[in-house]
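Undergrad: Residues per chain, in single letters:
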Amino acid sequence: MVNRRSVLFILVCLGLAAPYVASADDDTRVTRITHFEDASSDRNPAVTAVPQYPKLARRDRIEGEATVCYKIDKNGKIVNPSVRKSSHKMFAKPSLKAIKQSSYEAIRPDQEVSKVKTCRTFRFLLNPVAIEEIE
Amino acid sequence: MAAIQLLPRRPEVRIMSRHAALAIALIAAILLFPASRAQESKVVIGPRNPDLTEGAQELLAGNAVDGVQLTLRGLEVAQGKREKEAALSNLCAGFIMIDKLEPALMYCNMLLSSNDHHWRGYNNRALIYVMQKEYKKAEKDLLIGQELNPNARTLKVVKSMLLDATQPVESNIIIDDRRRKKVDAGLTEDK
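Protein chains in written order, with my numbering: chain U, 1 to 135; chain W, 1 to 191.
Among these hints, one or two may not hold up.
[Claimed, not checked] DSSO-like cross-link-like pairs, simulated, lysine-lysine; straight-line CA separation at most 27 Å:
id: 1; chain 1: U; residue 1: 55; chain 2: U; residue 2: 93
id: 2; chain 1: U; residue 1: 85; chain 2: U; residue 2: 100
id: 3; chain 1: U; residue 1: 55; chain 2: W; residue 2: 156
id: 4; chain 1: W; residue 1: 156; chain 2: U; residue 2: 93
id: 5; chain 1: U; residue 1: 117; chain 2: U; residue 2: 85
id: 6; chain 1: W; residue 1: 133; chain 2: U; residue 2: 55
id: 7; chain 1: W; residue 1: 140; chain 2: U; residue 2: 55
id: 8; chain 1: U; residue 1: 89; chain 2: W; residue 2: 156
id: 9; chain 1: U; residue 1: 100; chain 2: U; residue 2: 74
id: 10; chain 1: U; residue 1: 89; chain 2: U; residue 2: 77
id: 11; chain 1: W; residue 1: 137; chain 2: U; residue 2: 55
id: 12; chain 1: W; residue 1: 137; chain 2: W; residue 2: 84
id: 13; chain 1: U; residue 1: 55; chain 2: W; residue 2: 136
Everything labelled a hint here was simulated from the structure, so no lab data went into it. Given the structure is predicted, the values throughout are model-derived calculations rather than measurements.
With the sequences and hints as input, model every part of the structure.
TA: Take a look at the structure:
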């Protein structure tokens, strides 16, 4: 079930949505990306980089999450990102890398830059796939 | 939510190179062990079984056919249990590299008949079983192998190959920008 208080719920598949870029190195087997946003954020994402599922985590069937916090300057550039928490250290690096490759829309001249840090959580999940055997 | 999509199958070439890489890693481990043993000894005359040593080096270099031939010659003159087991193990790995699974299985079985605590033997045989789609047998060998050496990387790789064949998964990345993160139980549930 999806939280009803979420104002915006976006579901995109990799390759279909222009503002989503894969923070890819070698494992391109990510098939689903889900993005939850709410009205509390005053900045609109311009480019949202998607972290790679760590190969070792995938191999050992490990799921988890990592939260990265950062400030956004007036041009929409992400400043001083740092990992606030990570369920497993192998999720921290790709999450931080994805944040560094992301950006937001610039603010208007009459707007002020928020002093509050923004945080983004990445959840890394593995869903079973049903395979139909072909004789 | 969108319908779950089937993962694209990896190209055959990539699968083969993975098998070859795994076999090379196993041979490297076998080679390194006697090297560390040799360092304990004060006097080193040279390899007692040059065919076996060169065979392993050929296998490591990716020359599986030459490596297997040399190792077969080395097996004929192998002295002692350890030397014979190294030869059998390398033959099993070498035949896997050249995709001849029947002889590979035969040498793995000979190895495990001689030493049922040889985790690399279980690893190699599990790999053969995965390639032959004998998944239950592969699982059984992996369990024994992991009991013998719980931290072996190659066993984890073979287990992953087994899981990819029997319980495939697709990765799902959720980006959550909500200030008040109400986690959906269905999405974060542990498997």
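Undergrad: It remains to establish, for every hint, whether it holds in the given structure.
TA: Structure-based check of each hint:
1. Our distance criterion of 27 Å between C-alpha atoms is met by residue 55 of chain U and residue 93 of chain U, whose separation comes to about 12 Å.
2. For the hint linking residue 85 of chain U to residue 100 of chain U, the alpha-carbon distance of about 17 Å falls within 27 Å, and the restraint holds.
3. Distance restraint check for residue 55 of chain U and residue 156 of chain W: the Cα-Cα separation of roughly 12 Å lies within the 27 Å cut-off, and the hinted pair is therefore satisfied.
4. Among the hinted pairs, residue 156 of chain W with residue 93 of chain U is consistent with the structure: their alpha-carbon atoms are about 22 Å apart, no more than 27 Å.
5. Between residue 117 of chain U and residue 85 of chain U, the direct Cα distance comes to roughly 15 Å. Compliance with the 27 Å bound is thereby established for this hinted pair.
6. A threshold of 27 Å between alpha carbons decides the hint, and for residue 133 of chain W with residue 55 of chain U the separation of about 23 Å falls inside it, so the pair holds.
7. A threshold of 27 Å between alpha carbons decides the hint, and for residue 140 of chain W with residue 55 of chain U the separation of about 25 Å falls inside it, so the pair holds.
8. Between residue 89 of chain U and residue 156 of chain W the CA atoms are separated by roughly 19 Å; this keeps the pair inside 27 Å, and the hint holds.
9. A distance of roughly 16 Å separates the Cα atoms of residue 100 of chain U and residue 74 of chain U; the hinted pair therefore holds under the 27 Å criterion.
10. With a C-alpha separation of about 25 Å, the suggested pair residue 89 of chain U and residue 77 of chain U falls inside the 27 Å cut-off, and the hint holds.
11. Of the supplied pair hints, the one linking residue 137 of chain W and residue 55 of chain U holds, its CA atoms being roughly 26 Å apart against a limit of 27 Å.
12. As the CA atoms of residue 137 of chain W and residue 84 of chain W are separated by approximately 25 Å, the hinted pair is consistent with the 27 Å bound.
13. A C-alpha spacing of about 25 Å is found between residue 55 of chain U and residue 136 of chain W, which places the hinted pair at or below 27 Å, so the restraint holds.
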